[in-house]
Each structure stands twice: as structure tokens, then as C-alpha cells.
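Heads up: the first sequence at position 150 corresponds to 150 in this note's numbering, and the numbers run straight through without jumps.
Heads up, some of the hints might be wrong.
Label-pair ranges, simulated between beta-carbon atoms [stated by the list, open to error]:
hint : residue 1 : residue 2 : range
1    : 435       : 465       : 19 to 25 Å
2    : 25        : 189       : 31 to 37 Å
3    : 102       : 396       : 54 to 60 Å
4    : 118       : 552       : 52 to 58 Å
5    : 164       : 229       : 25 to 31 Å
6    : 495       : 392       : 49 to 55 Å
7    : 535       : 185       : 56 to 62 Å
8    : 142       : 262       : 29 to 35 Å
9    : 20        : 384       : 46 to 52 Å
10   : 187       : 328       : 18 to 24 Å
11   : 25        : 80        : 34 to 40 Å
12   : 255       : 26        : 24 to 30 Å
13   : 552       : 444       : 28 to 34 Å
14   : 500       : 392       : 52 to 58 Å
Calculated pairs, SDA-like style, for lysine to any residue (alpha carbon to alpha carbon, straight line, at most 20 Å) [stated by the list, open to error]:
hint : residue 1 : residue 2
15   : 464       : 431
16   : 361       : 475
17   : 283       : 35
18   : 281       : 269
19   : 328       : 8
20   : 361       : 373
21   : 430       : 365
22   : 181       : 131
23   : 388       : 374
24   : 361       : 420
25   : 283       : 507
26   : 430       : 452
27   : 283       : 495
28   : 281       : 510
29   : 78        : 206
30   : 430       : 444
31   : 27        : 17
32   : 454       : 381
33   : 454       : 422
34   : 466       : 406
35   : 78        : 290
36   : 283       : 271
37   : 466       : 422
38   : 281       : 509
39   : 466       : 568
40   : 181       : 217
Calculated from the structure, these hints are not laboratory results. Yeah, the Cβ is synthetic: ideal placement off N, Cα and C, and Gly gets one too.
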Amino acid sequence: MTESPIASHFIRTRIDEDCAQQTYGDKVVTRFPPEPNGFLHFGHAKSIFLNFGLARDYLAQCPQSICNLRFDDTNPTKEETEYVDAIREDVSWLGFDATGHEFYASDYFEQLYRCAELLIQADLAYVDSQDADAMRATRGTLTEPGRNSPFRNRSITENLVLFRQMRAGDFPDGTHILRAKIDMAAPNMNLRDPAIYRIRHAHHHRSGDAWCIYPMYDFAHCVSDAIEGITHSLCTLEFMDHRPLYDWFLDQLATLDVFQRPLPQQIEFSRLNLTYVVLSKRKLIQLVTGQHVHGWDDPRLPTLKGARRRGFTPEGFRLFTDRIGVSKSDSLIDYSVLEDCMRDHLNDTAERRVAVLDPVKLVLTNYPEGQSEECYAPNHPHHADWGKRVMPLARELWIERDDFMPEPVKGFFRLVPGGEVRLRYGYIIKCTGFDQDAEGRVTCVYAEYDPDTKSGTPGSESRKVKGNIHWLSCDQALAAEIRLYDRLFSVPAPGARREGDAPDLDRDFLDDLNPNAMQIHTGMIEPSLATAAPESRFQFERHGYFVADQVDHTAERPVYNRTVTLRDSWGKK
RNA sequence: UGGGCCGUCGCCAAGUUGGUUAAGGCACUGGAUUUUGAUUCCAGCAUACCAAGGUUCGAAUCCUUGCGGCCCAGCCA
1 MTESPIASHF
11 IRTRIDEDCA
21 QQTYGDKVVT
31 RFPPEPNGFL
41 HFGHAKSIFL
51 NFGLARDYLA
61 QCPQSICNLR
71 FDDTNPTKEE
81 TEYVDAIRED
91 VSWLGFDATG
101 HEFYASDYFE
111 QLYRCAELLI
121 QADLAYVDSQ
131 DADAMRATRG
141 TLTEPGRNSP
151 FRNRSITENL
161 VLFRQMRAGD
171 FPDGTHILRA
181 KIDMAAPNMN
191 LRDPAIYRIR
201 HAHHHRSGDA
211 WCIYPMYDFA
221 HCVSDAIEGI
231 THSLCTLEFM
241 DHRPLYDWFL
251 DQLATLDVFQ
261 RPLPQQIEFS
271 RLNLTYVVLS
281 KRKLIQLVTG
291 QHVHGWDDPR
301 LPTLKGARRR
311 GFTPEGFRLF
321 TDRIGVSKSD
331 SLIDYSVLED
341 CMRDHLNDTA
351 ERRVAVLDPV
361 KLVLTNYPEG
371 QSEECYAPNH
381 PHHADWGKRV
391 MPLARELWIE
401 RDDFMPEPVK
411 GFFRLVPGGE
421 VRLRYGYIIK
431 CTGFDQDAEG
441 RVTCVYAEYD
451 PDTKSGTPGS
461 ESRKVKGNIH
471 WLSCDQALAA
481 EIRLYDRLFS
491 VPAPGARREG
501 DAPDLDRDFL
511 DDLNPNAMQI
521 HTGMIEPSLA
531 TAAPESRFQF
541 ERHGYFVADQ
551 VDHTAERPVY
561 NRTVTLRDSW
571 GKK
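Could you build the full structure based on these sequences and the hints that come with them?
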């Protein structure tokens, strides 16, 4: 696999500067902060490799470096424990162990609360008793300033009492809210007295019913970072406008001696955009709940769970994140880049096997009935030490339907009537005829083999044929379910308007679903593929990379998923 | 139309305290090897940095003015 060198990017540059100036001493502390309200997707893989990768890379230079896994669970109505477990699994699948540095924002509720009281006491926060509609109405617009709330000038004492009553559960949801007192006329909307705490009488997956007020993201995130001693808090571009608020909270709290400087700094990078998929939580949920796919781990889904079942590898993702880099420009990565990365890794690591996906019978008419002999197939063309396996050859074989054309098109150099081709690892054969059914579908192909051309025997090299096809003897082959996966959507930008669309046309991304994203075949496989463990990955020669299905594959009923095809300069449709 | 950010080869992306010939990867093209139309190997691939002006001996890098794209008006994160 081509190992790309560690690429320089603006975040590394910043960290290098901080290290050079000893801003944070001997540490680079990052964090991966998922909200446990959904499954991780390809976009998270970028963030995971960035955050965990950075901490790991700087370990030699800054021995205290680490990356925390922090569950950002400040919204009790959306989060669940099942997601926590799934996320932890995904992170570890990608190769990062967060044992000992796994945290929860909800563990900081008490500290967060104390910080809020301190802000109130410093006259930097107040309890607003407007309802949500009134708040929205007075927030102003992008071009007009907002108006101060009539409750903005409550006394510190009154604010404190009210806030404590909020915590005590004296008020129903939505009646009061704690707001930062900043500037209702700020051009940055986030600074127009943002909400800090809302009342939510809801059961929290970890804190249970201990709380009925919960902190908002802007407040909880920066404080959590400071508590954990994060040095570089990396997030995506849409949070850029929140940075002044992030700095404001921390600055005030540092002034109030809650935190020591230097404070963590937020740095934004552009999120992953990939063609032919959707990466928004909302759309992913729609696909699952709308039954367009079979659950969160459906191999068609761009979730990490789906990727795993699909046969994608952590190393492939690692390669991918290295290749696409990190920057602040909105980019759109072609899906083929991801596929290429998986091929790249799998090419090196997957043993070769033979499978006939769409079998048609081939009879070697001059091969004695009841006889069979051994042929040898290497497990990997570039790793002789991986050994070889025996493939019995006999009179009746299965070959790929696509490898025979009764009426060949130009450029086709596989089996054709009267033509010659090599049975891979076996003999050169010459097609002598074929049977068709009433619909013209080929039902059987006949050929004669040349006994002097067996692979590996002296003289077998003397005759060259261009075509080379794979096969399986009918006696040996086992039937298997082969799930051929393809891209989930049939257009690069699902749901996006396309050239020529009527001005009033609204497209639905679900209409762009690729109906052929999964096709189930019954194919023939080598016996060793049946006994392989779930999640074993192989290259099916001349087809692509396949993985034994994580949940459905058994020796009795083998199931293989196609991860990605081989590159194909001929059959590209 | 307020604020923030971005615009370097088909796709990514270095370089942006101005200094000879604009890194690298992917894709692509050509050639070699090859019992996977795979892999591998070798070679090629931006007089050009959104545009137009300007400053300068010298600019992708500085200035000006435009153009294009993304984000923000949740008691979501």
C-alpha cells in the first residue's frame, strides 16, 4: 500500500507554533466529541483520524499528548446509551482505544452549573422569562440588530434565585432560560445573548433525573474542553461563528479564576463532502427509518457500521483521510477516491480466491469422465510465502457467464466459439460449441483442452493466449449468497437540482436512490471460503474484494459481500 | 443587502512574514512487466495561482475593486 507521507496542513502548522513557543507545555490534547444521538459516519472518520491521529503523532515531541473521547450529551431528549456503545466500538474499530480517557459532558453538569452561577454573580448572565417565540422575535435578523429582553436588567440576586429555582424544578419547560449578557446588537448572531441553560424535565441517559436544567452546546463545550485541559479543540467550519462565544465564556471564567490560562483554542476545518452519498444525520435517519436500507449497519450506508459490514477497512479510511488532507476550503471528494483507498489496502492484504458469480457450465469434452487432477493457485501473486492452494480440475466446470460470448464484440478476448483461452492455473482450452435455451441464453459451453499446456509444467509457457478465465470444478464448488453492493445513490449530489430542472422543481434525495445498490446472486465458491470466519476479506480474482458477512455468514450458508470491484479498464459501464 | 470564511491542474492540496524553473497525492495519458482486461514499474501531466487594475527590480504571496461559493436568525450539536 502506498504510504503517503504526513502531510503538512494548517492545523499542524498551528500546533507546531504552539509547541515552539511552549504555549501549552509538553502536550497536545485534542478530543473527539460525538453527540450520542446517532451512528458515526464517514465524516466522523475524518475527525477521528484527525484528532486521535494528531495526539498520536505529537506523542514523541510532546509526551503528554492525548485525545479524549468525549460524549457531548447535554440534550437529554435525543441521546441514548445504545449510541454510546456503538460509537465506542466504531472508534476502537478504527484503531483508537479511549480506555481511561473517555468522558461525558454530563459528568460536568455540577461544574457547569457552578460556572453559570458565577457568570450570574458577575452580572454576565441573566434569567430571561420570555418564551421561545418572543426570544426569536427580539433576536433581530442578519441585517437588523436585536432588542434587549425586558428581563435583561434583573438584579443579580433575583437572577440567582430564579436560576436556583430553575434547578430545583420549580418551573415547567420553556418558562425561563438562562442567557449570557453580551450584546443584542452584535453582528454575529451568536453573541446576541445566547441561551446557556434551558429547562427540560427529561430523563438523561446517564444523570437520570438528577437535573431538569441542561446546558447548551456553546456553554458546555468550551467549559468541558477547559476542564479536560484540551489544547486544540478541532471542529468543522460551521462553528467558526461560535468561536467568539467559545472564547468569551472561557475568558470570563478565567478572569473569575475558574480556569487557568492558557485556554483551549478552537480551530475549524472543512467537513467531509463525498459524492454519491449523504452524510447528514437527518438523511441517514430517514434512510433507516424509512426502510430504504436494512438498519444502521446496512453495507450500502456511509456509516462506519455499514462500512465495516461492507468490508471497508480502518487502514483504508486512514489512507483516505491522509489523501484528502485537511483545510478550510469546501471540498467535494469523489466517491472513487474512497474506493481506491480500500482497493489499495485490500490489494496488499487480501488473499486471492476464486468465485463464479454468475455460473454457466463448461464441459471439457476430451477430458475423461470421473477423472480429476490438482492445479495450484497462489494465495497472493506478490507474496509467494503466503502459499498456494489446490484446485481440482475435472471434466465439468463452472465458468463466468460474462467470460463467454457467442457473438463476440470487438476487443473481447475471453472465450468465443472456436477461440482459445487459458483456464487460469490450468490448461489452454478451445471452444468447440455451446447450447442455448429458447430465449437464446447460453446453458452450456463445450471445449477441448490441450494436455500439453498445464500451468506450471515445462512447455506450458510456449503457447500464449491473451484470454485467461477463472473456473471452479462442479464437484468442488459450493453455492454461496453473494451480495453485490454498489453506490447508494445514482447521482453525485443526491437531492440537488440538476441542469435543466424547472425553477420550481424541488428534488428529494430519496428519488436519487440507486435501485441496484444491492443485488443478490447465488454464486459458486471455493470450499475454503465457506469455512472462513465472518469478516474475512478476500479478493475474488478478476471480480473484486469481498468480505464474509459479519452477521449472516456461516459455513453452512456462506454469505459474501462485495466491498468494491477491481478496477476494470474493459468492462467499465 | 449584517457578520464570518473560502477560491492554486479533472479531484484534493502545499506554498500566502513577496525573490531563481508553482511541492505532493489521486485521477488521467503513454510505455514496460504480468496466467487477475488487476497489481507493479517507468514517463508525461498548471508560463499558471477566481478576475481586473495597482505597488515593486521582482507577487500565487502586498493594495484596490469586482466575481463566485459556503456558513449564521434552535430553549439542536
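So, going through the hints one by one against the coordinates:
1. 435 / 465: 19 to 25 Å: 24 Å, holds
2. 25 / 189: 31 to 37 Å: 36 Å, holds
3. 102 / 396: 54 to 60 Å: Since residue 102 and residue 396 have Cβ atoms about 58 Å apart, the given range 54 to 60 Å holds.
4. 118 / 552: 52 to 58 Å: The hint (52 to 58 Å, Cβ to Cβ) holds, given that residue 118 and residue 552 are roughly 55 Å apart.
5. 164 / 229: 25 to 31 Å: Because 30 Å falls inside the window, the suggested range holds.
6. 495 / 392: 49 to 55 Å: 51 Å, holds
7. 535 / 185: 56 to 62 Å: The hinted range 56 to 62 Å holds for residue 535 and residue 185, with Cβ atoms some 58 Å apart.
8. 142 / 262: 29 to 35 Å: 34 Å, holds
9. 20 / 384: 46 to 52 Å: Holds - the Cβ-Cβ distance for residue 20 and residue 384, about 48 Å, lies within 46 to 52 Å.
10. 187 / 328: 18 to 24 Å: 21 Å Cβ-Cβ, so the 18 to 24 Å window holds.
11. 25 / 80: 34 to 40 Å: Since residue 25 and residue 80 have Cβ atoms about 38 Å apart, the given range 34 to 40 Å holds.
12. 255 / 26: 24 to 30 Å: 26 Å, holds
13. 552 / 444: 28 to 34 Å: 32 Å, holds
14. 500 / 392: 52 to 58 Å: 57 Å, holds
15. 464 / 431: Distance of about 16 Å is within 20 Å: holds.
16. 361 / 475: Distance of about 12 Å is within 20 Å: holds.
17. 283 / 35: 16 Å, holds
18. 281 / 269: 19 Å, holds
19. 328 / 8: Between residue 328 and residue 8 the Cα gap is close to 14 Å, so the pair holds against 20 Å.
20. 361 / 373: Roughly 18 Å separates the two Cα atoms, so the pair holds.
21. 430 / 365: Cα-Cα ~10 Å, so holds.
22. 181 / 131: 17 Å, holds
23. 388 / 374: Between residue 388 and residue 374 the Cα gap is close to 12 Å, so the pair holds against 20 Å.
24. 361 / 420: With a Cα-Cα distance of about 17 Å, the restraint between residue 361 and residue 420 holds, given a limit of 20 Å.
25. 283 / 507: Holds, at about 14 Å.
26. 430 / 452: 13 Å, holds
27. 283 / 495: 11 Å, holds
28. 281 / 510: 14 Å, holds
29. 78 / 206: 13 Å, holds
30. 430 / 444: 14 Å, holds
31. 27 / 17: 13 Å, holds
32. 454 / 381: 18 Å, holds
33. 454 / 422: Holds: residue 454 and residue 422 sit about 9 Å apart, inside 20 Å.
34. 466 / 406: 18 Å, holds
35. 78 / 290: 19 Å, holds
36. 283 / 271: The hint holds at about 16 Å.
37. 466 / 422: With a Cα-Cα distance of about 8 Å, the restraint between residue 466 and residue 422 holds, given a limit of 20 Å.
38. 281 / 509: Given that 20 Å is the threshold and the Cα spacing comes to 14 Å, the pair holds.
39. 466 / 568: Distance ~16 Å between residue 466 and residue 568 Cα, so the pair holds.
40. 181 / 217: Within the cut-off at roughly 17 Å; holds.
Going through the hint list in order, the structure satisfies each hint without exception.
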